[in-house]
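For the record, the sequence lines run as chains A, B, C and D. Going by this note's numbering, the first residue of the first sequence is number 1, and it counts up by one from there. Going by this note's numbering, the first residue of the second sequence is number 1, and it counts up by one from there. Going by this note's numbering, the first residue of the third sequence is number 1, and it counts up by one from there. Going by this note's numbering, the first residue of the fourth sequence is number 1, and it counts up by one from there.
Calculated directly from the structure, the hints in this document are not laboratory data. Relax, there's no trap hidden among the hints.
Among chain A residues calculated to face chain C with C-beta under 7 angstroms, some are:
{"hint": "1", "residue": "Thr31"}
{"hint": "2", "residue": "Phe40"}
{"hint": "3", "residue": "Cys215"}
{"hint": "4", "residue": "Val221"}
{"hint": "5", "residue": "Ser247"}
{"hint": "6", "residue": "Ala250"}
{"hint": "7", "residue": "Val279"}
Predicted model, so just to flag it, every value in this text is computed and none were measured. All residues carry an ideal CB built from backbone N, CA and C; glycine is no exception.
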Amino acid sequence: MKQIVDRLRQEAARLLAAGDVAMVIGYAKGTDVARTTPYFATNEEEAQNLTWNPFCTNNLVKYLLDFRFEDTKLAVVVKGCDSKGINRLIYDRQFPRERVVVLGVPCGGLLDRSKVLATIDPGAELQSVEDLGQEFVVRTDHGEFTFAKEQYLLPKCAVCRNPNPVISDVLLGEELPVAEEEKSDTFDDIVEMEALDPAAKSAFWDRHFNRCLRCYACRNVCPACNCRECAFEQAVPGWQQEACWLSKKASVDNNYTFHLIRMFDVTGRCIDCGECERVCPVNIPLRKLYRKVIKDVQELFGDTTPGLNIGDGLPLTSYRKEDPEEFM
Amino acid sequence: MFKRLMEYVGFEPERFEVRWISGSEGGKVVETAIEMAEKIKALGPNRKMRDAK
Amino acid sequence: MTVKLINKDRFNVFLERLASGNELVAPIEEDGNIFYRRVTSVNEITLEADAFCFAPKGHFFPQYEVLYKYQQGSNALVLEEPGPAGPSVLLGVKPCDARALLSLDPVFDGNYKDAYYLDKRVKTTIIGLSCRKVRYNCFCRAFGFGPTSGEGADLFLTEVKDGYLAEALTSKGEALLKDYSDLFTETGVDGALQEKEQLAVQLDTQFKRKVDLDGVKARLDNMFEHPYWERLARKCLTCGICTFVCPTCHCFDIIDENGGGSNCGSRLRCWDACMFTDFTLHTSGHNPRPGKKERVRNRFMHKLKYHLDRYRVTGCVGCGRCIEKCPVNMDIIQVIAEIKEVG
Amino acid sequence: MEQAVRNPLLPQPATIEKIIPETGDVNTFRVTLDNAEAMTRWRHEPGQLAMLSVFGVGEAMFSISSSPTQREYLEFSIKRMGKVTTALHGLEEGAKIGLRGPYGNYFPYEKMKGKDLLFIGGGIGLAPLRSLIDFVLADENRGDYGKVEIIYGARSYDDLCFKRQIFEEWPQKEGTAVYTTIDREEEQWDGHVGFVPAYVEEIAPAAGNKIALTCGPPIMIKFVLQAMEKLGFKDEQIYSTLELRMKCGIGKCGRCNIGSKFVCLDGPVFNLTEIKELPPEF
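One chain only, chain A, in its complex shape:
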């Protein structure tokens, strides 16, 4: 891991010094080791603040959009899951391939910070962390702890199919092996949900959506949500004078509308980076929604997870004669 960090700093410093990129978007230490923060290095000196560890959860791809109307070239650090977001933005014509240098990190999985803290002590200060392959070693002010990956990975990492970036210009480390049997997702959690009767499903989502604060963090962090202006923020949508898409009142009915529209919008486009669920301040199981559409798209249109390569057509915007008509 130390090697990755060294390589990252070297590469970033080189790119910045040579003037190849104006900025390297990566991670730096935040509040503590377990709270890394997005970091924007603009010179060689700042490049030395960049870091990498199994707490680097943020998907940094979204930040490219802040620069989409400029002409500078940028470098961005991505994990396997995030890298699909690069393909998303390129496919959606939101960021040109030639303006981004992708610094790929092979990622052995991310540690679930809350689980770790719950095990040690919620007040503990985490000082360093090391990925040893099957386990993580975390040094804290309470001593050293070892966490088996099986139990302490973020949920999305436990079923990860893409530990290696699917698109990258510089790979900062050795590619990680992927076991054959891990290559297909069985969607157990979704199947379980589908099996419930309508009333039970309804009760489940009512409870979760009822507490949605409509902070829009899920939307703002999502690389598939890349519209210049969000329909939910248009006081007067052009084609529908005087009517709002959605009331600002965060009641359960409006919240349903918000989440269902967003869900439908990312159908066939969601790359399952899991950021929406991570950022949700009220723990709404959003991946249960978005993974459902991934599963359905796979079943109906035979597509794999979106974002694996740039050329993927979008199943809902392209017509094929063999498309199913199960609803008729």
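Got chain A sorted already, so can you dock chains B, C and D onto it with the hints?
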């Protein structure tokens, strides 16, 4: 897709239907509407996504 | 000031009786979140939680509330206000949240009195509770109070060996002790007070992060144009989490909702956030705070300077919630330190 | 804490008595409160604001463009721009709306007594100035003030508001001068052509014993202020009225702040010395 999603969040499957009806098939429109109306009457009013008040 | 003691068994009776006679609002857990909600059964209450819990400001300033209903006839316009709030008890309020209400009061009070907030404020009795643990991001100490300060509460509880120490801090608190005098006793109060003092000393050692506000306001007075804001704001997603979890954020929007025909409906107010693009957007398309930089700057300026300028109380109480929930680790403690460095 | 008696967020029912078209997209709405007693009790000062409601659409803040000396009704001159203004423009005479206010501070007309007044307006920006112009030109107040000069411009002849007043009523009063200009030449127009700031420099009003009041699009204000400086006006002599998006109008909703000041409470009228002390965020 949409029907699957509606069902997933707890709408009864019968509440949403799509039919392919040509402009010359007036009778089919009526039939479908009646059929649909009966199904929905049997289900009762939709409580979902209504304001709690 | 009356100080009494209540043992654990009686405390449960106290809760039962509070819940039956009043609207009782207390911390309740749902899917790993703790919200202040109306209690239907006292078993739901999670008082001992050291966990993250949302601020109780929503009891006085709900995420959305009807301001009035309107009905427009051919010749008349009828506006109907909602009825007054009933009496309620807000239980288990942390010192930072009780203190936060003192920061909110001058906003809703003043020359124009906000009827909705003040009505609930007047009719609510606040029962505060000492913290039993200092969380990693807590920094209330920097604002001159601590995890055992009751300021802002009517009755202030501290969990002790034999139950709860109860200190009446206002006439409402006194009234509560009087109403339930059969449950509270004076025996053992001295020991409990000592225990509370020990707890205060012990909690004081638990603060991990050092925060010194000295000179921050003075620096901010001259920092509006500083390049720091641009740098700081880069990582912000401009979501509304920090404002929604903040116990002192009070921005709102007013919206109309038609219901039952186009001639009637209700006007509501709902939480809004200074982080949102459309918050200050003019009809003309002009936006005084068009980007992340302006909005992030406004938020920190508001918390650490504007609120203080205007109301003589800080807009931050050091609860640490925004630090904990921010998806990109925007950390107000680091921001305070950096302001002192660069300003 | 006392019990809140009155609810400041609750509007009073009001009626649009008359709609006076000013330009292609500006109407002046003459409004009375439905409660006759409330109408007699109503007082506002020149430059103050009020919140108008179209129920089902929303509320928006407008300057009261009629003079406080006009006690029978209130007037609002409103350009069709967004949701609420479009809805207002869609209403007919006799329609019911909601009104609350008055809000904000006002032009300090007491301090201006004995001085000459210079009004500089652009487009719809004349609306807030109009309440003060009509106030000082009212018979009962006219003696308190010196010369009144009005420099007013708009994009075209059609975009000039209050045409009857600027061309007939005001110039006919004693001790007044009204200068009008439009941005581009037009066939029927034989008056001045050019932007307001340039016209101000051309007219070159003397700064002595004068108070200047300006309102218009931000870009116009910016250049007008530069022109004024050239003409020797001191900051204390210049007032402007600002506008930001507002929702509550009573300093609670948090969006119209410029630094620690709220435009709805501490404004909309600011002296240029105050404006220069504010952070440039409006």
